[in-house]
Amino acid sequence: MSMAIDQEQQEQEPARHHQPPPPRQPQPQNPAPLRPAPQPQNNFQKLEHNNILGKPFEDVKSKYTIGKELGRGQFGVTYLCTEIATGNQYACKSILKRKLVSKNDKEDMKREVHIMQHLSGQPNIVEFKDCECCSPLPFYGVMHRDLKPENFLLSSKDDKAMLKATDFGLSVFIEEGKVYRDIVGSAYYVAPEVLQRNYGKEIDVWSAGVILYILLSGVPPFWAETEKGIFDAILKEEVDFDSQPWPSISHSAKDLVRKMLTKDPRKK
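Position one of the sequence shown corresponds to residue 1 (full-length UniProt numbering), numbered consecutively onward.
Please note: incorrect hints may appear among the correct ones.
[Stated by the list, open to error] Computed spacing ranges between beta-carbons, pair by pair:
| id | residue 1 | residue 2 | range |
| --- | --- | --- | --- |
| 1 | 232 | 253 | 24 to 30 Å |
| 2 | 236 | 178 | 26 to 32 Å |
| 3 | 224 | 244 | 18 to 24 Å |
| 4 | 69 | 173 | 29 to 35 Å |
| 5 | 83 | 173 | 14 to 20 Å |
| 6 | 175 | 233 | 27 to 33 Å |
| 7 | 102 | 247 | 49 to 55 Å |
| 8 | 246 | 102 | 41 to 47 Å |
| 9 | 90 | 250 | 34 to 40 Å |
[Claimed, not checked] In silico BS3-like pairs for lysine-lysine, Cα to Cα no more than 25 Å straight-line:
| id | residue 1 | residue 2 |
| --- | --- | --- |
| 10 | 178 | 263 |
| 11 | 68 | 97 |
| 12 | 63 | 97 |
| 13 | 178 | 106 |
| 14 | 148 | 268 |
| 15 | 148 | 160 |
| 16 | 268 | 236 |
| 17 | 267 | 178 |
| 18 | 148 | 263 |
| 19 | 110 | 148 |
| 20 | 164 | 148 |
| 21 | 268 | 178 |
Hints listed in this document are in silico derivations from the structure and should not be mistaken for laboratory results. Each residue gets a CB set at the ideal place from its N, CA and C atoms; glycine is no exception.
All chains, full assembly: derive it from the sequences and hints.
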């Protein structure tokens, strides 16, 4: 359009010496508002708002056939599953994200996964698969904090099947010298120092001692009809090694249980 106007003016005023139009100057533009440089997108970022573990989702049914329900817990359901490629059977723990209502709930779940990854390959620990993860635990730098018979599984139905610890939802990595104060565990198996809110890694020894006492005698060392009664018995009563069947149990077995159930953590 501008060139056409210049030509018309030149025809109407032939005597005027035509001056070439000045070169166009670039028009200033309003600077764009500063924005953060775009970051490369990946599955982690795309799913960050609803992905607790910070890794891309994967359809478990592409690798496993989900079978019958094995049990339920506070946050989810455990199913029997079979790996399609090998036919190996595993327990699949399905976490209900809607029940992870607080930041602490989410951190607890992530810690459970990290602990199982840390313990991967230990012979007496359930192995973690595809979230990806997988023993008494102070030896591996972990405090279980909820040892009880329900949290042990046998690797098979064979008489020589490996015993494996499971359910690390309350577990923590041991920090030497740190005093723990939160009350965790299950009534019959909780150590007295947990109830006193002043404990360390020795509490797993106590819980294992309770399990051993039950295996040898058939009853827990401390019993009451209420949870408060059980806690009072743990704090105040002595372990009974006089009632049946303890007189017929070997001295070495009783000595082991007695040492595991000492109320002085320094002697465990």
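Status of each hint after checking the structure:
| no. | hint | in the structure |
| --- | --- | --- |
| 1 | 232 to 253: 24 to 30 Å | 27 Å, holds |
| 2 | 236 to 178: 26 to 32 Å | 27 Å, holds |
| 3 | 224 to 244: 18 to 24 Å | 20 Å, holds |
| 4 | 69 to 173: 29 to 35 Å | 31 Å, holds |
| 5 | 83 to 173: 14 to 20 Å | 29 Å, violated |
| 6 | 175 to 233: 27 to 33 Å | 30 Å, holds |
| 7 | 102 to 247: 49 to 55 Å | 50 Å, holds |
| 8 | 246 to 102: 41 to 47 Å | 45 Å, holds |
| 9 | 90 to 250: 34 to 40 Å | 38 Å, holds |
| 10 | 178 to 263 | 19 Å, holds |
| 11 | 68 to 97 | 21 Å, holds |
| 12 | 63 to 97 | 22 Å, holds |
| 13 | 178 to 106 | 23 Å, holds |
| 14 | 148 to 268 | 18 Å, holds |
| 15 | 148 to 160 | 21 Å, holds |
| 16 | 268 to 236 | 18 Å, holds |
| 17 | 267 to 178 | 18 Å, holds |
| 18 | 148 to 263 | 18 Å, holds |
| 19 | 110 to 148 | 22 Å, holds |
| 20 | 164 to 148 | 12 Å, holds |
| 21 | 268 to 178 | 17 Å, holds |
In this structure, only the earlier hint numbered 5 is contradicted, and the remaining ones agree with it.
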